[in-house]
Amino acid sequence: MEQKNYAGIAIDLNEDGYMVNMDQWNKGIAVELAKEEDIELTDKHFEVLEYIRNKVKSEETLTIRAIGKSGIVDIKGFYQLFPGGPLKKATKIAGVLKPASCV
Amino acid sequence: MSKKEEHPLKKVCIICSKGTIEDVYAALVMANGAVMEGIETNMFFTFFGLDAITKKTMKKLHTATVGNPAMRMPGGLPFPSVLGIIPGVEAGVSAMMRSQMDKLDIPPVDEFLEMITAGGGEIYACKLAMDMFKLKVEDLSEQVKDVLTVGQFYELSGGENTQIIFT
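So the protein lines, in turn, are chains A and B. Counting along the first sequence from 1, when you hit position 84 you're at 84 in the working numbering, and nothing is skipped either side. Counting along the second sequence from 1, when you hit position 3 you're at 3 in the working numbering, and nothing is skipped either side.
Just so you know, nobody snuck in bad clues.
Okay, derived cross-link-like pairs now, SDA-like style, lysine to any residue, Cα gap no bigger than 25 Å in a straight line: (1) B:K18 <-> B:E111; (2) A:K55 <-> A:C102; (3) A:K69 <-> B:E40; (4) B:K59 <-> B:L140; (5) A:K69 <-> B:A26; (6) A:K76 <-> A:E47; (7) B:K55 <-> B:E122; (8) B:K18 <-> B:L140; (9) B:K60 <-> B:V82; (10) B:K11 <-> A:P83; (11) A:K69 <-> B:K60; (12) A:K69 <-> B:G120; (13) A:K69 <-> A:K88; (14) B:K10 <-> A:D16; (15) B:K56 <-> B:G88; (16) A:K76 <-> B:L156; (17) A:K69 <-> B:D102; (18) A:K88 <-> B:G120; (19) B:K55 <-> B:D146; (20) B:K11 <-> A:P99; (21) B:K55 <-> B:E111; (22) A:K69 <-> B:A118; (23) B:K55 <-> B:A26; (24) B:K11 <-> A:Q80.
If you are wondering where the hints come from, they were derived from the structure by calculation, not from laboratory data.
Isolated chain B, as found in the complex (with noise of 0.2 Å):
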C-alpha cells in the first residue's frame, strides 16, 4: 500500500442493476468512496436499482429472505426459508439492516445520494428500464441528473483511467 500508484484513477461510472438493500449500497458505499477520493462519479441506476432512486421505493428498500442463503438469525443460526415467506418478517429484517446500517453512520438511500452529488458525483437513470417500469422524471429523485440512453452512458465513461463497475 505504500507505493504510490502511477496511474491514479480519475473516473468511476457504477452501474447499479438491482434493487436489494445490499445492491444498492454496494453501489452507493462505492460511488461515495470515490467521491471522496477526487475521483470522478458517475452513477447508472438501471432496471429494479431504479427503486434506489424512485420517491416512492427509496426509503422503502429490502433486502431478500427467502433465496437468500447467506441469511442469518440475529447470533448466527441459519435464517430459514420458510420464515421468510412469513408476511413482515423481510420487512422487519430489512428495517433491522437499516438501522444497524444507522449505527455505522451510513445514510439512508436519499441523503446518501445528496451526499454523492454534493461532492461532485453525478446520478444518471436508464431510459430504456424507465420505459419498461414506466417511470417518468418526476417519479425519480431531485438527485437525477438525466435519463440516458446506453450510448450516452459509454459517452460519459470515455477517458483514461476510467472503470466501468457494474453491481
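With the rest of the complex left out, here is chain A (with noise of 0.2 Å):
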C-alpha cells in the first residue's frame, strides 16, 4: 500500500492507484484524482461519482447498465463524462475500489 498527497491529505491508495478508504475522500481530491485522469470536474461528474458512491456503500453491484439507468446520464453520456474507461475513471476518482464487474 502507498501513500499519496491529495488535496492535503496523505491518502491511502492500492496497487492500482485507488482510495482504500472510501471514508477519506472529498470534492478536493476527486478534483485533483480527476485532473491526472485529465478530467475537469463538472457539476454533472459529481452527480454521478455520488452515486456511485452511495452504490458501493449499500454494497450494490454497479454496472455501466446500472449508471445509465440511474437517471443521471445515459451510457453514452457518462461514456463522455469520463473518456476512455468510464467505470475504471469514474470509480478512482470516487474514491472507492474498481468495481469487480464484467458488465
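Two chains, two separate frames, one set of hints: put the complex together.
Below is the structure:
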C-alpha cells in the first residue's frame, strides 16, 4: 500500500492507484484525482460520483448498465464524462475500489 | 496482475459466427468489456451469428438442449437429450437462461448492442452470410454500422496491438 498527498491529506492507495478507504474522500481530492485522468469535474460529474459512492456504500453491484438507468446520465453521456474507460475512471475519482464487474 | 503491461491492447475485432445464447453473449460480453476498458472495438457478425443483429431473431436466441453435453437440470443432474427434443423445452430452458442473466444485470441482446455502440464500439455484418441467408440491411438492427466483405474487415483490423477474436 502506498500513500499520496491529495488536497493536503495523505491518502492510502492500492497498487492500482484506487483509494482504499472511501471515507478519506472529499471533493477536493476528487478534483485532483480527476486531473490525473485529464478530466475537469463538473456538477454532472459529481452527481455521478455521488451515485457511485452511494451504490458502493450500500454494497450494490456497480455496472455501466445501472449507471445508464440511474436517471443521471445515459450510457453515452457516461462515456463522454469519463472518456476511455468510464467505470474504471469514475470509481477511481469517486474514491472507491475498482468494481469487479464484467458488464 | 500488479505489473503494468508494456503494450496494452489498443483494438479488438471480435467475430461472432454462432447464434446460440452462449456464443452470442460471449462475444457481446467481451466486446462490451473492451469498450469499457477504452479499447477500440469492432464486432463482426457472420453466419448464424447474424441472428444476434437481425431484428426478428435477436430477442429470441436459444441455447441447444440437444447435443449439448454441458446441459444440466436446475440442481445439477444431467439433462437427458430426449427431453430436449420435446417441443417447448428448448424455449423454456432458453427463457430461464435469459432470466438468470437479467438478474446479473446482463442486458438483452438489443440493449447490449446499444451499450456497445454508446461507448464507441462498432457493429458490422458479413456480406457473404447476408447474401446466403437472403438478409437485407433493413432486416438488421439500427446499431449495425455497415455490411462488410472479409477484405474490409481485415482493413478494420489493422494497426499495432490489435487482436482478432473468433467465437
